[in-house]
Amino acid sequence: MSKRDRLSGNEAVAAAIRQIDPDVIAAFPITPSTEIPQYVSQFKAEGRLSTEFVTVESEHSAISACAGAQAAGVRAMTATSSAGFALMHEMLYVVASDRLPVVMAVVNRALTGPININNDHSDSMGSRDSGWLQLYSENAQEAYDNMLMAHRIAESPEVMLPVMVCQDGFITSHAVENILLEDDEAVKAFVGEYHPKDYLLNPARPVAFGPYGISAYYMELKKQQTEAMERSAAVIREVSRQYGHMTGRYYDLIEEYRMEDAQLAVICIGSSAGTGKAAVDELRGQGIQAGLLKIRAFRPFPGREIAAALARVKAVGIMDKADGFSGSGGPLGAEVRAALYQAKASVPAVNFIYGLGGRDVRVDDFYNIFGQLGDMADGAEAPMYRYIGVRE
Amino acid sequence: MKKNLMEHIGEKSPYQDMTPGGIVYGGGNSTDVRTGDWRTVTPVFHPEKCTHCLLCFPVCPDSSIPTQDGKRLDFDYDHCKGCGICAAVCPLGAISFGEKEAEQ
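The listed protein sequences correspond, in order, to chains L and A.
For the first sequence, position 242 (counting from the first letter as 1) is numbered 242 according to my numbering, and the numbering increases by one without interruption.
If you want my numbering, it's the 1-based position in the second sequence plus 392.
Bound conformation, chain A alone:
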């Protein structure tokens, strides 16, 4: 785990504590932003229909389809913005999207 050099900076910090030009220290911190909050329509994974062909995960613009040992896992809802591209590319109906009964 990288050390967070900006731990002390928040919305109440005085300007003297800000980094120069708002520079962001540390890599891989985009996961800290919960873009899942922006989602209005939620995709739902149906593992019983999935053959793990993995057509879905590379088209996800937010890396919200985690994979392990050649198989996809359930959605990362902290970051999925609900664009629906994964549902559109799935050939097996293993991802439902915008269907009332499937919504969380």
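If we strip away everything but chain L, and leave its shape as in the complex, we get:
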């Protein structure tokens, strides 16, 4: 039975961690994710979870401690944001290549500079090629649900890769929302216990993790890793299906909102989807066939699913909360365009860079975007990319 509560996104993630009761948490505080380890340490002090909480001197150490713990044979988790996330960058690759299914809560915050504590996706997008799965959450409910599914996905023998569960800093991490929580026992049964095939504290089968990979081996190991990432799409779907059976809340790699007959579509990640859906509903009331496509899994990248969902639209706006500084737009823009090209689609597409450093995106901004898409559907030239919500 689900129980209704009102929680912030950080509280929701902390509640999920309490229910998962991982063996080890190693974390270092950084706004806006600080509350997650703070609440977890409070649960620990109250005797409500048995986790070994490791206070470390940096995020590089936090993720390193998680790697060591996971290799030793237990579940390890951490949480971070922005600069702390960036400090983990080197170790993110190590965790992924050592095939350690660590789960991390990411509360997305802009990278410095200029220094800024508010939301965009420049932190996690900066490590999009590190080999981690990335699940993004629209609201506190999704952050909670994604956390409860993350271990099952990461630890699947078909996958054995780390997962980051991302939500938008302050917008969802600190906003209190209605949320449905599952029973502790139901969560424990769903998440299950972690029994890795190989682990360091197993004298019956000694192993070493993280070998030196000379050029004769390195590329074969990367090929293994990328195949595991490809297989993870089916695992995400299967775990999400089972989670849906338990909770009634079903998830996929992407979410299509009023896309069946949409002529104008936007694609976005995270909390902006909620704002975008409100705009879609309003525009539908005015007879405009608007739709929205939300990315839940950015890694693995659901290129075929995105291309299929966009097969019949007349113009698409791809919204990036991070500029790639390629001079050609952001990461989602580049990858969606690649997926469309592969599918031989020729839909006019423009990449909107928006919401950087916490710049608010409102329903009005979506009206503006859909207005521009309407012009493109009518033949106006689609620029490669365009900033939205910037003074000029």
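In silico negatives: residues of chain L with every beta carbon more than 12 Å from chain A:
id : residue
1  : Arg48
2  : Glu193
3  : Arg241
4  : Met259
5  : Lys314
6  : Gly379
Rough simulated footprint, nothing fancy, chain A against chain L, three-plus residues with beta-carbon under 8 Å:
id : region
7  : 197–207
8  : 219–227
List time: in silico DSSO-like cross-link candidates among lysine-lysine, alpha-carbon distance up to 30 Å:
id : chain 1 : residue 1 : chain 2 : residue 2
9  : L       : Lys44     : L       : Lys197
10 : L       : Lys197    : A       : Lys404
11 : L       : Lys344    : L       : Lys314
12 : A       : Lys404    : L       : Lys223
Hint data in this document are derived by calculation from the structure and do not stem from the laboratory.
Backbone N, C-alpha and C define an ideal beta-carbon position, used for all residues, glycine too.
Got chain L; can you put chain A on it based on the hints?
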């Protein structure tokens, strides 16, 4: 002797045969790597000068000074990288290092 679970893996193996993440199965297999190949300067043991005080063997970073019954044996040249620490700690000149006439 432990069973080598990775016997079938070599530089010609396809990626499907690799262990996950390159995990190394089996313990004590660091001796399989012949680090002696890296050596450019070779220490030489002179048993006639040695009193077996054993100051040398604990400072060897590569466990390349084997001991038996409280006495050191000759170097394990398969693994000695030639760092010279042993020669520096020997008080009796029983290890020569970097002297042309003593080099192998």
